[in-house]
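If you read the protein sequences in the order shown, they are chains A and B. Mapping of the first sequence onto my numbering: position 161 corresponds to residue 141, and the numbering continues sequentially without gaps. Mapping of the second sequence onto my numbering: position 150 corresponds to residue 130, and the numbering continues sequentially without gaps.
Be careful, since some hints might not be right.
Note that the list lumps identical chains together, so a pair holds whenever it fits in one copy or between two copies.
As the list claims (entries may be wrong) - Simulated pairs of lysine-lysine, DSSO-like, Cα-Cα distance not exceeding 27 Å: (1) K196 / K326; (2) K249 / K232; (3) K143 / K326; (4) K(-7) / K113; (5) K338 / K196; (6) K232 / K196; (7) K(-7) / K249; (8) K(-18) / K113; (9) K16 / K249.
Simulated from the structure, these hints should not be mistaken for laboratory data.
Number of protein chains: 2
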Amino acid sequence: MKVALLGCGVVGKEVRRILDEREDVEIVSILVKDEKEIDDERMTTSFEELLNKDDMDIVVECMGGIEPAFSYVKKAMLHHKHIVTSNKKMLANHYLELSKLAKENQVSLRYEASVGGGIPWIHEMHRVQRIDKIQRFYGIMNGTTNYILTQFEEGESFEKALKNAQMNGFAEQDPTDDIDGYDVRYKCMLSAITSFHIYLEEESIPVYGIRNISDKEMKYANQKNQVIKLMGNGYDEEGNYSIYVIPTLLPKTHPLSNVKNETNGLFMKSTTLSESGYIGKGAGGTPTAHAVVQDVLSIPSLEDDFIQGATNALTHTGRFYIRMQELDNHCAFISETINENTILSKEISLQTLYDYTKGNTNILFVMEVLQ
Amino acid sequence: MKVALLGCGVVGKEVRRILDEREDVEIVSILVKDEKEIDDERMTTSFEELLNKDDMDIVVECMGGIEPAFSYVKKAMLHHKHIVTSNKKMLANHYLELSKLAKENQVSLRYEASVGGGIPWIHEMHRVQRIDKIQRFYGIMNGTTNYILTQFEEGESFEKALKNAQMNGFAEQDPTDDIDGYDVRYKCMLSAITSFHIYLEEESIPVYGIRNISDKEMKYANQKNQVIKLMGNGYDEEGNYSIYVIPTLLPKTHPLSNVKNETNGLFMKSTTLSESGYIGKGAGGTPTAHAVVQDVLSIPSLEDDFIQGATNALTHTGRFYIRMQELDNHCAFISETINENTILSKEISLQTLYDYTKGNTNILFVMEVLQ
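All chains should be modelled from the sequences, with the hints used to inform the complete structure.
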């Protein structure tokens, strides 16, 4: 197999290293942004030149960002190249168009590395479905926020924890995508595509991040002998989908409570296996490159079933901890007042929660409380 | 594909149910022991009759026990049938002969269900090795002992915990294979075959069980804020193999510490992924049947690399808790005396531990202490 590689950053470099050691796959061209990056005779700054290499079968996209990655991937598909990508943001935004193009041009579109890094999450979702129906997925899908929450739990301030994450290369200089939960939202979209065969608009997925987490939440968690994790969730309750991102209070006896720092932990529930869990490195050059290379080795592979647009019904019910700027005495679903401005809700639907919190500037922090 | 099923007990029944719902696989014959079991026109008590069914491609063996399962599987291979089996004891004892027969007759020999039940352990070991070298495996491989240890941890007596396990169908009436660690030893043998491509004689694998665990150990674990798990272990340290079974003192912060009751949890360490973990149902009809059916759907599949006999070098070093009938003052590797008859060893090799404990009736209970 002959591969062209788009991007040679943290992940691309490792993909190159792993593939260059193999005899069954050959990298014939590598796209870089700038002439200054060229340290290999296969490198070029011209996508057209790369696309026209003889016998090249597979384009591996490790650039990140929506553009120009999306345009390049589209063009490569029109030239009948298989696609392997780790780019969750681009995929989540353009999945319907890309999967249609893949079918029309009879090429594969693989994205193992886009959720859970080195964890075989997408692969196992496909494999489990050879027999089972997946009913639920959930887990810790973002290493940056898990690192910050672990440090916070161990006594660091939130600001210091974020700074440590940035210093250790786990967080971007602009950490919005991570701490506000958007990265997990992309991963939930891709997990829902793979497990439930539905495509949801980004905006239809409620997302509660950890930006405003405070000592109050940590104190509450400690009192209950629980921990707080940012979780991505998906339920298929007889065709009613509930996909959402939310900080979650978990008992210390749950296996995810011990998934610490930058490690990810993902669970699914399916008909014959019941709960099955996967723990591993969710990011980093080497594990992500492993997932990319696994995709390359699996090409050509069958495409996904037909993916259809769907409504995020948000019918799933839960109990929620809600901290406000000022207590809302008119709130209809208070089960308990925790302190002067924090409540615990009764069992309510996600839709009720979302209707109440969306755009409500009185709401500072929300988390789900698992029973 | 046409399948013949040997055995219709807890696992076999579920395999029948799952396959009977599919259109891509058909069960054409089912072997049962006794005429009284016949409740399906495909059932027979004659293996010869089953073997001679037209167009039958795959024999699925769910009988358990070494004989007659081994003879039937051998005969089926000589008739060019692919084999899927969940029978760890038979495989562990006869792997070299069976894998040779598989090669000679160009058939597959699949055993996903034999370790970790519904957990994709064997599958992922194969898949990870498309890129990585596996350096270590370890984990909770036996649901019965994990159930007993969980109950014991929660305050039940060992006898009551064992009785509960038997009442709930997690333990056999003769629990020797489980509580003395032999079941985990078979699973370590199969994990070493799959990950390290070596075959070890059963007797060369040290096995320390939980039969003599007492309140003393639980008290010690509690003091240290740790838990005790029966673990199967494999190390490949540059060609020096250390495969062994031992109760292990684990910090409560380790993800395996929260793998409770009959659940299994398995980890491997490999070159690019570092640690990756898998948690799920290790036994039970439905999850085990899932793994069996996954094997059926993967046939024909490539055979393992050449497996060779190897020496269990036991060069790996660790620290061990050793409780004796009477304190051995001549023991050369005491680092600490815990009480009147229990010591904590210095860092010693497994070979040193094994030489000291093997056949030594003064030794009551041994566990490894993870740092």
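Here is how each hint holds up against the structure:
For the homomeric pair K196 and K326, the shortest alpha-carbon distance inside one copy (20 Å) is at most 27 Å, but the shortest distance between copies (44 Å) is not. Taking the shortest Cα distances, K249 and K232 sit within 27 Å of each other both inside one copy (20 Å) and across copies (25 Å). Taking the closest pair of Cα atoms, K143 and K326 never come within 27 Å of each other, the shortest separation being 36 Å inside a single copy and 40 Å across copies. Proximity of K(-7) to K113 under the C-alpha cut-off of 27 Å is restricted to the inter-copy arrangement: shortest distance 20 Å between copies versus 37 Å within a copy.
Taking the shortest alpha-carbon separations for K338 and K196, only the intra-copy value of 22 Å comes in at or below 27 Å, while the best inter-copy value is 55 Å. Taking CA atoms no more than 27 Å apart as the test, K232 paired with K196 passes in both settings, with 18 Å inside one copy and 25 Å between copies. For the identical chains of this complex, K(-7) and K249 are inter-copy neighbours only, at 22 Å across copies versus 35 Å inside a copy, given an alpha-carbon limit of 27 Å. In this assembly of identical chains, K(-18) and K113 lie within 27 Å of each other by CA distance solely across copies; the values are 24 Å between and 36 Å within a copy.
In this assembly of identical chains, K16 and K249 lie within 27 Å of each other by CA distance neither inside one copy nor across copies; the values are 48 Å within and 37 Å between.
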